[in-house]
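Visitor: Here's the letter readout for the chains.
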Amino acid sequence: MSAAEPAIDSFARRHRYRALEALPWLAALLAYVLLPGYLPLGAQILAMILFALSADLVLGYAGIVTLGHAAFFGTGAYTAGILAAHGWGEPITGLFAGAAAAALVGLVSGFVVLRTTGLTMIMQTLVVASLLYEAANKASWLTGGDDGLQGMQVWPIFGLFRFDLFGRTAYWYCLAVLFLCWLATRHLVHSPFGRSLTGIRENVRRMHAIGAPVGRRRLVAYTISAFFAGTAGALIAQTTAFVGLGFLNLERSGTVLIMLIIGGVGRLYGAFIGVPLYMIAQDRFSSIEPVYWYFWIGLLMVVVVVFARGGVLGLFERFAR
Amino acid sequence: MNAEPPPALETRGLSKSFGALTVANAIDFRLERGARHALIGPNGAGKTSFVELVSGGLRPSAGNVLLDGADVTQLPQAARVKRGLARTFQISALFRRLTMLENVTLAIAERDGVAGGLLRPAGRHRAVIEEGFALLDRLGLADEALRPVAALAYGRQRLVEIAVALALSPKVLLLDEPAAGVPSSESGIVISVVERLPAEIAVLIIEHDMDLVFRLARRITVLVQGRILVEGTPEEIAADPRVRQVYLGERARR
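Top to bottom, those sequences are chains A and B. Quick note on our numbering: the first sequence kicks off at 1 and runs consecutively. Quick note on our numbering: the second sequence kicks off at 1001 and runs consecutively.
Treat the hints as calculated values from the structure; they're not laboratory data. Do not rely on the hints blindly, as some may be mistaken.
As the list claims (entries may be wrong) - A few chain A residues that don't get close to chain B, going by computed Cβ distances all over 12 Å:
#1 Ala139
#2 Gln153
#3 Ile200
#4 Val220
#5 Ile224
#6 Glu251
#7 Val302
Unchecked claim - Taking CB as the label site, the calculated pair distances span:
#8 Gly1019/B x Val305/A: 53 to 61 Å
#9 Gly1019/B x Thr116/A: 41 to 49 Å
#10 Val108/A x Arg1242/B: 40 to 48 Å
Glycine included, each C-beta is placed from N, C-alpha and C at the ideal position.
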């Protein structure tokens, strides 16, 4: 067998960047130029892509089904929000604080949640998010409770770029953070650690049988995912200068899964397709039918589940074959 | 006695009960170094339970498991794998949507302790990939190395089952019905791979197919209702009237 064996080479090259991967970033730049009126929505979409990407890491790669991912999103948002409302509005450190707090919640809750499997685990993820929701509701002196957190003052980025009314700074900020987190996530899923997560998703019994420390791998993945989810929450908090209980509720956890499923789970780019599709559809539908827009989202979901298993990306893959 | 090296695998009084059901009843078993040993018995004799108990998937109710003379009864499955114990599954347990090459490289990466790595892409672990490919090549599977396992013929999937276990460089290999479900047209390739396993590996084959057992095993243990009925050479087993009654008799009735 020679070292130039083509199968080995192509296997060893899987982590290299392909031209197609530039597409989402070109689209984001194009949107900035062509749709200047939609930049605030665009910034939200970018942050939600990061949230969905973090969910993909646990659901699509590690095979952990969660209905409580909002716990980390909300923790990141409230941490950054509370800091900014109490005199520390520096965005970069606020972002890291939110991410770190979310990662801590992920580590501690994951320690308990990941010991279980199947339905029990789904219920546990739900419980963690519900507990945080009620805690935020109860601690209204700190969080603003039902009214949401008021009075956030976010300082200019690097002391230079002030958050403007048109959302230009917010857009660039979200785009830059998403890009860095995407680079990190992409590196992660192509690392031996990331490949072993895929192994856990595909067959956990076999992973045990080849001697993998399955529990530890899952916990690390869960914590990293919580870190990115917290980053996404903090981004939205900082760019909208508001945090409410909606950052922590079941709808938030469910919506991110729907977005991911529409785009395609376990493919790294499902988030980049599903989130814009969902949020633009929501924006359009809700301006046409302010009350019933959820019906159309529901219909879209049914169509995806019935006709396009694997989401939009799954469809592309089928046609590419 | 003391100068003699310990057997590759040994169980002492190994027992397991689920309530009133006893699947392993005080099993004393020795798998010598480099053995080609078969464990046979009628359906429900407790053969797969024995594999689970030895490999660490099940906790015994009583008794001990020794690997290379060291008691591993309290060790989890992963630690037993690190000590050279590998197993295959009666019902294929593979990474079905991943390529054949990835199935074996995942195991090699675990064996080498590089599977938790975050810094370098998996593709840069060139030695792991080359070893995985060489392993597939040895088993005659290299031509489909980059196809997902789910797309392979079933006989080949059974070979991947063995390949993943071999990727761990085991000292003891437990093969749980390696040819199960393989159509007779393909079972030849499975048999020839088992025949050509490296001589230094101690192999325990759990098998239903008598032709396969008598072809491969140099020693046979008959398990009935969680208990060892008899152990001996293939000739002894074939001639034993109790075995005929319990096992071969059951087969003749079918």
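Visitor: Next, verify each hint and record whether it holds.
Guide: Cross-check of the supplied hints:
1. Ala139: Non-interface label on Ala139/A holds, nearest chain B Cβ at 36 Å vs cutoff 12 Å.
2. Gln153: With a cut-off of 12 Å, Gln153/A remains clear of chain B, as the shortest Cβ separation is near 37 Å.
3. Ile200: violated, 9 Å
4. Val220: violated, 8 Å
5. Ile224: Not fine: 9 Å to the nearest Cβ puts Ile224/A too close to chain B.
6. Glu251: Holds: least Cβ distance 31 Å, greater than 12 Å.
7. Val302: holds, 25 Å
8. Gly1019/B x Val305/A: 53 to 61 Å: violated, 41 Å
9. Gly1019/B x Thr116/A: 41 to 49 Å: Check failed, 24 Å falls outside 41 to 49 Å.
10. Val108/A x Arg1242/B: 40 to 48 Å: Once the Cβ atoms are compared, 58 Å apart, the range 40 to 48 Å for Arg1242/B and Val108/A is violated.
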